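Starting from the given sequences, assemble the full structure and let the hints guide the process.
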Amino acid sequence: MPDEASSEDAKAQELAAAVREIQERVRSHYATATGSETLVPQPDLMAVLHARDAAEAKVASIGMVNPRPPGVFNSLIQGVKKTIARALDWHVREQVQFNRASVECVNATLDALNDLNRAMLRLDRELKRAEEEARELADIRVHWVQWRQEWERKLATVEMRFLRSVAELEASFRQRTVQIESAFRELAASQHRDFSVRLDQAASELNAGLLREFDRLRTEHLVRMHADYERIIHNELRLIRQRLATGRGEETASLPLPAAATPPAPRIDWLKFADRFRGTEEYVKETQRFYLPQFSQCHYVLDVGCGRGEFLELMRENGVAARGIDLNEEYVAICRQKGLEAQLADVFTYLGGLPAGGFDGIFCGQVVEHIAPERLPELIRLMARALQPGGVVVVETPNPENLAIFATHFYIDPTHARPVPAALLVFYMEEVGLGGIRIERRFPAVASSPALAQLPEEVRDSFFGGLDYAAIATKLT
Numbered sequence: 011m012p013d014e015a016s017s018e019d020a021k022a023q024e025l026a027a028a029v030r031e032i033q034e035r036v037r038s039h040y041a042t043a044t045g046s047e048t049l050v051p052q053p054d055l056m057a058v059l060h061a062r063d064a065a066e067a068k069v070a071s072i073g074m075v076n077p078r079p080p081g082v083f084n085s086l087i088q089g090v091k092k093t094i095a096r097a098l099d100w101h102v103r104e105q106v107q108f109n110r111a112s113v114e115c116v117n118a119t120l121d122a123l124n125d126l127n128r129a130m131l132r133l134d135r136e137l138k139r140a141e142e143e144a145r146e147l148a149d150i151r152v153h154w155v156q157w158r159q160e161w162e163r164k165l166a167t168v169e170m171r172f173l174r175s176v177a178e179l180e181a182s183f184r185q186r187t188v189q190i191e192s193a194f195r196e197l198a199a200s201q202h203r204d205f206s207v208r209l210d211q212a213a214s215e216l217n218a219g220l221l222r223e224f225d226r227l228r229t230e231h232l233v234r235m236h237a238d239y240e241r242i243i244h245n246e247l248r249l250i251r252q253r254l255a256t257g258r259g260e261e262t263a264s265l266p267l268p269a270a271a272t273p274p275a276p277r278i279d280w281l282k283f284a285d286r287f288r289g290t291e292e293y294v295k296e297t298q299r300f301y302l303p304q305f306s307q308c309h310y311v312l313d314v315g316c317g318r319g320e321f322l323e324l325m326r327e328n329g330v331a332a333r334g335i336d337l338n339e340e341y342v343a344i345c346r347q348k349g350l351e352a353q354l355a356d357v358f359t360y361l362g363g364l365p366a367g368g369f370d371g372i373f374c375g376q377v378v379e380h381i382a383p384e385r386l387p388e389l390i391r392l393m394a395r396a397l398q399p400g401g402v403v404v405v406e407t408p409n410p411e412n413l414a415i416f417a418t419h420f421y422i423d424p425t426h427a428r429p430v431p432a433a434l435l436v437f438y439m440e441e442v443g444l445g446g447i448r449i450e451r452r453f454p455a456v457a458s459s460p461a462l463a464q465l466p467e468e469v470r471d472s473f474f475g476g477l478d479y480a481a482i483a484t485k486l487t
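Residue numbers (our numbering): 11 to 487.
No wet-lab data here; the hints were simulated from the structure.
Treat the hints with care, as some may be off.
Unchecked claim - Derived DSS-like pairs (lysine-lysine); straight-line CA-CA distance at most 30 Å:
no., residue 1, residue 2
1, Lys295, Lys282
2, Lys348, Lys282
3, Lys295, Lys348
Unchecked claim - Ranges between beta-carbon positions, derived for each pair:
no., residue 1, residue 2, range
4, Val106, Arg30, 29 to 37 Å
5, Ala382, Ile242, 34 to 42 Å
6, Tyr239, Ala382, 40 to 48 Å
Every value quoted in this text rests on a predicted model; they were computed, and no experiment measured them.
We put the CB at the ideal spot given by N, CA and C, even for glycine.
See the structure below:
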């Protein structure tokens, strides 16, 4: 029994929950509110709903037979009722239709009323919101008046305090300005006094330094002038002694060419010409130092066109025996005064009279450009004949691949015959059995003419390379 009671209570609770859920659904479908909840009261439609439900129940039961308990008598009565209902069906059909239409009209009216209630609820919410905003606006207006009065009072107080502070700051600023100006004047006066004292000291030191520098420059200038004068006097005296020693009163040609090969050289001071256009002896000596490694293993070297003996001095300083030949008597005399072995001779006559293989090194610097082109192969052949097998020959000459030499260096010397291209000189060397030939291009034109640096590198290398070149070769057999 307790189990049955508990199960009945559970069913009752489930039934009550189902009824509440149905009621909530009905309330959500049919919007209703009491007069205390809304500003606009809404009609209660529950009575209409109950009446509608009762009408729908009657509509469904018209023409139907009421159920009765089972039994023979009841079955008989049910049969009679069904027969009568079928017989009267044509009579009650329209009534049933009318009742159903009436119920549908009531349903439509209820739906319209529900829509109206929902619209009234939305309107009620908007009215409540407007009422709240109106109350807030009135509250703001009241507080605004109070706040403005208080703000104006505080503004007047702050303004008075501000004006008082400005007046105090202005007075303080004026006082500080006066103090700063006074301090600035004192500081400026002090610095001006210090600056004047230091300026006087600096001026005195500068004057003393300038005087010392002037004395030093004057001394250096006098020393340099004295040295220049001594060098000029020494050169002139040397020329006079050389000319007296040779017994000649005129200059001779300085080139290793026979008289029949070229016209006579002009009668000029060739020593002064060499100093001005070839360079001093020290300069020439430094440029020829480049060739020392080529002759470091030699024992006896011939310098063709020895000039003032710069290369012969290099050989002596490096312990290599050397001899020079030249057509200029003054050059030969200078070499002999230096204790160098030099001989006045024509290169073709001298080389032609030597036994084969008399030297293991030959240096021919700035000579082949003076030789007539038709005799140049003969000169190369004679130098190769004078070399021992394995001996080295170096031929230095202006580089015709460099177009700048024709505007600057080459035609300065009136005894230059024709420039010798490197390819032609190499060909002549190969013809006489010289091998291992290489070309060294020296003295880039851009070093003496910086304007050439603006040209493209390929053009500069092709047409403005080294001012001179040296052909270095070895005798093979």
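Checked hints:
Annotation: proposed proximity of Lys295 to Lys282 holds, straight-line Cα distance about 17 Å (limit 30 Å). At roughly 19 Å between alpha-carbon atoms, Lys348 and Lys282 fall within 30 Å of each other, so this suggested pair holds. Proximity of Lys295 to Lys348 is assessed by CA-CA distance (about 14 Å); at most 30 Å being required, the pair is judged to hold. A hinted range of 29 to 37 Å holds for the C-beta pair Val106 and Arg30, which are about 35 Å apart.
Between Ala382 and Ile242 the Cβ separation comes to about 36 Å, which falls inside the hinted range of 34 to 42 Å. Distance hint check for Tyr239 and Ala382: the Cβ-Cβ separation is about 42 Å, which falls inside the suggested range of 40 to 48 Å.
Comparing the model with each earlier hint shows no violations; every hint is respected.
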